[in-house]
Structure formats: C-alpha cells, structure tokens
Amino acid sequence: MIKTRLKEKQGRLEKAMIQKEHCTGTTPKSLPATMFVVMAYLALMTALVGENLTTLKTGLPYGLSVLFTGYILFQIFNSGEVNRWRNIFFCTYAVALVISFLWEVVVTGRGHMWLMDRETLAAEGPICPIVSVMDLLPMIINGTNVFPTAIENSVFGVIAWVIVTGVVFGRGFCSWACLFGGQDSLFASMRQKVRWRITHLHPFFRYSAFGVLAFIVLLSFSTLTPGYCIWLCPFKATTEFFEINSFLRVLQTFLFFSIWLVLVVLLPLMTKKRTQCGFLCPMGAYFSLTNKISPFYVRINHNSCTQCGRCIDACPTFSMSRSSLVNGKTDTTCTKCGACFAACPQHAISYAIKGVPFTGGDHPLLLNYKPHNTFRQFIADLWEPGTLFVFTIFLLGGLLFTGTFAENITILLTLAGVRL
Amino acid sequence: MKNNAIMLGVFLMALLSIPAVMMVTGQLTDDRLALIGLHTNPNYNGGIIIARFDDPAGDLIDPVPDAFKGYKNAFDIRSFTVARVVFSRLSGMGIAPRLNLVFEFDGRLPDPYDSSLQFSLPAIQVFINAPDRSFTSPLLPGIALTGKEWDFQVCIDGLHGQARIYDTRGTLIGEGLSIAIKHITADNSDEISKTHIPDKRQEDLITSTSLNVALPLDLIGDPLTGAWEYYVVIGMPDLNSPGGISSSVFDCFKCSQRETDNVIALQPLRSGLYRQFQGKMHVPDFFFAGPGEKIKERMK
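So the sequences go chain by chain: A and B. Residue 238 in this note's numbering is what sits at position 238 of the first sequence, and the numbering runs on without skipping anything. Residue 232 in this note's numbering is what sits at position 232 of the second sequence, and the numbering runs on without skipping anything.
In short, the hints are calculated from the structure, not lab data. Keep in mind that a hint or two might mislead.
As the list claims (entries may be wrong) - From the derived model, a few chain B residues whose C-beta atoms are all more than 12 Å from chain A:
1. G46
2. R52
3. D54
4. M93
5. A186
6. D222
7. T225
Said to hold, decoys possible - Ranges between beta-carbon positions, derived for each pair:
8. A/G109 / B/D66: 41 to 49 Å
9. A/R419 / B/P56: 20 to 28 Å
10. A/S208 / B/P216: 37 to 45 Å
11. B/L224 / A/A43: 57 to 65 Å
Computed from a predicted structure; not experimentally measured. Positions of the beta carbon are idealized from the N, C-alpha and C atoms, including for glycine.
Model the full structure from these sequences, guided by the hints.
The following block contains the structure:
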C-alpha cells in the first residue's frame, strides 16, 4: 500500500514536471546557472547605480529596486516562464512610471498635467525616446532637434541609444524595456479569456504602424515639430500634454485620449492583444525594421513544430502567421516577448542568434562530461541564445526601471511619513 | 546578405557608441554640439534672432534723478534683441507666431513701487518702423526720430505690469501683453525664484536681468518682409502722463541730444536680412497673460 502511494506520488510529480516544462515553452535553467546569471546581473547593476547606494535615503529605494528586478530575473531563469515573469516586470514598470511621472509633475511640480506654452517655448519639455524617430532626419539634414527640450538634455544621446538598442535587440525593446508598452500589455493581461477574437488581421492593420512612422517622419521633418507628440501619442493621457487653450488643442486632446482609451485600454482588454504597439507605435515600427539587423531572433524548430497554430493565437503583436511556421521564424514585428514559447506544446520555439551555432551541452569541449553532469549542464545553460538575450535585454530594462521603481518607493515612504 | 546586415549593425553600433559614451560622461555640451551644427529648434529657444544690438555700459545721456541714483543700471540698457517665433501651420503646434523683444540690463532691476512683475523701472519704449506704412509725429515731446517713419509704439511698463502697443494715431491696438522677467546668475543656476521677490542674497547673485515682451505677429506683421527698424528708448514710468511713461530719456541706442533744442535724436536700429544667431542666447522665459487678461485688439 505504501509502495502504491509512493508510486502514485512519483507519478504525480513526474506529470507536474512534464506539465511545467510544457507550460514554460523554454527549459528552466539549472540552479547554479540561474544563480550565476542573477549574481552577475546584481553585480552589474550595483556597479551602474552604485552612486545611489551610498546613503540610506537613496540606497534603500535603489537597493530594493535592484533586488526586485533580480528576483524577476531569477524567476525567469529558474522557472523558464519567460513571458509570465517578463510581463510582471514590464507591467509593473509601466505603472511605476506613470506614478512617478505624475507625482513629479502634479504633486511636487507645476501642479497639473498640462505643459504650458511658455514651457514649450522655453524648451522645458521632458525627453522621450519616441522622439528619436521624429528627430533623426531633422538632426541629420538640418542639425535641428524638433522636440521642445534643451539639446543638452541628452537628446542626441537618447537618439544614439535608441539606434544602438534597435541594432542589438531589434524589437525586443518593445517587450522588455519600453516605457509605455507595459500599459497595453497590462490591460491585455487582465482578462483570462478573449472576448473579441481576431481570427484574421487585414494587412492594412498589420503594417499600419509603418505608415504612421513614415507620416510622422515626413511631418516632423517638414515642420520641425514633433508631429506624433502633437497629434497622436496616446500616452500623453498618463503623463502630460499641451495646455488646452484653443479649439485646435481641444481637438488634439480628444484625439489622443480617444486613441488611449481604444488602443491602450479597450481593445487590449477585449482581444488580449497589444493593439497600440501593433497598429500605431512608430517606434515599434522603427524597431521592426532593425529586427532585420538584430542578431537575436525567435526560431521555430521545423522538426518539432506540428503547425497546431497555438502560437499564432498567443502572439500579442500579430507577429506569428502560417508563413512564420513555414519560414521557421517569427515576422519582422516580433517583440521577442516569449508568449509563443508558453503556448507551444511541442517546445519548438526558442530564442536564437543569427549565424552562431549554439551546440549547448553537446559542445565538443563538454563531451568528456556525462550528460547530467552539473558542470556540463551549467555551461550548457549559460551558453544558450536565450540566456544571452534575456540577460542583456533585461539588464537594459532593469537600468531603465530601477530609477523609476526607486522613486515609487520613495513616494510610498513619503506618504507613510517615513523620513530617511 | 545576413552577414552584411550583421556587419552593418556592428558598424553602426560602434559608430554610435562614441557619442553615447560622451553623452553619458557629460561631454556632449551645447557648445560642442553647436560645433557640429546641432541645435534645438530656435522656436523653443526664444525664437530665431533676426537682430541684436549691444549698447555700452555707462552711456546715459541724461543724469538719473537723485531719488534713483542707486539704480543707474536700471536705465542703462546693455542689449536689445529681436527674435521671431513662427511654427509651421501644418504642425498643429497651436502657438501663435510672435516677435520677441528682449532687453538686457546689468544687475537686478529695481522695484520701488512694488510691481507685480518685480520691476518698476525702467519704462521702455520701442518705436517699430515696418516698411511701407505711414508716418506721424512722435507721441512724446522731446524725442525726434531721425531717418524714417515709425508705425508702432510699444510701451513696456513694469509699473503697470504690462506692455501696450499704439499705432501712429495714438490708438491702443494691443494691451495686456505680458512681460517676462528673467534673472541671470553668475553660475547660470536656477536659484532665483521667478515668482518671489529675490532676497538680498539672491540679489547679489544676479548678474543681469532680461525682459521679454512677445508681440503677436498678427498685430504688427512679419519682420521678415523687409528691413524693419527699431528705436529703443529707456525712460521712466509716469502715472500722470497719458501714455503712462514720462518724457525723460536716460538711455537709447545710437542716440544723441541735440544742443540746439535738447531733443533726443534717435538713429534707427535696422534689422536687415534674416540671419541665424551663432552663439548662446540667454533664453527668455516668457508667457502670455493668464486667464482673464486677454490681449485686446482694437484695430481701426
């Protein structure tokens, strides 16, 4: 009887393990490899934000922030549930940014969300990475920054940073480091079931963001003003917007707020898709172009793929199609979020690096070790495209996130009356 | 093809990493960026400067009354700048085109009358000559305009907290134009509060003060249409005079006092052709009047 019970228990454990592996879509990493990656991340983050750790006042919020992101990274590697933990991090970041921004602008700053004309004309606007796509052409041809912020506020640096990020990570930025993408991702994650299923997406919608990109690049170049910011950017609803002092401004406010309600809130809620990122965002379109150059991509293993199509349903940015399964990789709009990993029952989808043959545990140097040898497993886990990609892009996201989250902790402490 | 794309990507990354590192280490200063021709759209930086005139210190043409002896700097203008702010109509920016008149003085401007703008002195008049318009005699006695005509008179009146525009018939065509004051400190810090009267410590920090008045181009026309001329006169407010400004003149650009009749003869400051200012301008911080103080236009 005891033997029967033990067998049943073992059977349940094995079943759970298989389910876990199938649920993750990517293999969980061994504990030594996970700890190594997390320690490396924490060490790098400490070095990069170290000056904020010297006093208790800034050290506590920054320390907690770094530890939180370290915990997320640990879970990503330990559980293999890339999409789930990435989404937690991503959505938390988006909410934290809104809180931090509004606190600075409304509570401690000017007291309201609108950017006055005098501030615009005095180049006192905040820098935003989406400006990069509008600023690039005027910068190159006219030498002019079109965004109302002083050029010494790192405008040129932000543009350079966006270009480099695009070249290295492609559209991975959109799911791992974007300041605003977490908003529609958050609403897309809220419901368990899809309310409005999108079975077929017309190519117009699939590539509309490229049209928006072309339009605003031309508009910004011809008018030397940030066209997207003036007319379309929906995230002004949660940050700041131009003061409403004319009918034109009323129209513009109505437009961006409607876009926010529909593309950021309603449609993601109903369809579980990131519609703003997929249909509108010009920066996403730019990063889609750099996806062609980026060494990282998402590969579909033909040998394992049964063409069940679950990954197509799961993809939040419409970057999977039947042709993707035939081509063996996702479309150019792929944000490398890992949602398809979790959906694939065959474990056929993974991160890959162009032109680099990752042999993992079968590397000739490791063949002297037994298959389940700890050291061999450790090296195999580290020397994998997914590990390299997730570690580097999470480092980028973590750097962007840390300051924002630290500010949120400071806000909480301030509200609680705690003085450090 | 793939290898070429990767090589291109690596090359771009290497190329752009240099300015990125320079940015992070704070070496991308605006002077350096200006060397490679990078600048913010001038419309966000006070406007495209179409004219700038400097005036030497200590060239007062009339002695300052005893009551204001300690305020000599207040009547000694150091520079006058005209800048144009115009956004493309296609942009949807929603900010009306304007002409910024910027006046700079050494030190802090006095406020003996407790003005809402934190300066009561001086009162400034600018006579603007737009091409192809009419001429009449000047509004104030004792001032002769040598050269050509003038079409608009701008009265910058800190005492009354506003600027006004008159046409050649003395008709008020615009009032309630706000005057923005900006204090410049030696270290260019932002210690000086814009909304509170500076305390003594802050006063000592002020090296210069600039006043900015924004004139709607809809009222006066576009200065790029020809060679506009400006006559700048520095005087005093006068509660009893019709224009609110006394006829006393203490400083002006290119002016002299005629010995025969003691009339101040002004030479025009010509803006000439458009040119881009190559250098750093103190950014004027200016604003339109708040709610309830709309610009009134009474065009005949």
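Quick rundown of the hints versus the structure:
1. G46: Violated: least Cβ distance 8 Å, not greater than 12 Å.
2. R52: 19 Å, holds
3. D54: Correct as stated: the minimum Cβ-Cβ distance to chain A is 23 Å, above 12 Å.
4. M93: 5 Å, violated
5. A186: 19 Å, holds
6. D222: For B/D222, whose nearest Cβ neighbour in chain A is about 18 Å away, the distance exceeds 12 Å, so it holds.
7. T225: 21 Å, holds
8. A/G109 / B/D66: 41 to 49 Å: 46 Å, holds
9. A/R419 / B/P56: 20 to 28 Å: Given range 20 to 28 Å: violated, Cβ gap about 54 Å.
10. A/S208 / B/P216: 37 to 45 Å: With Cβ atoms ~39 Å apart, the hint holds.
11. B/L224 / A/A43: 57 to 65 Å: This hint holds: roughly 59 Å between Cβ atoms.
Hint violations for this structure: numbers 1, 4, 9, all remaining hints satisfied.
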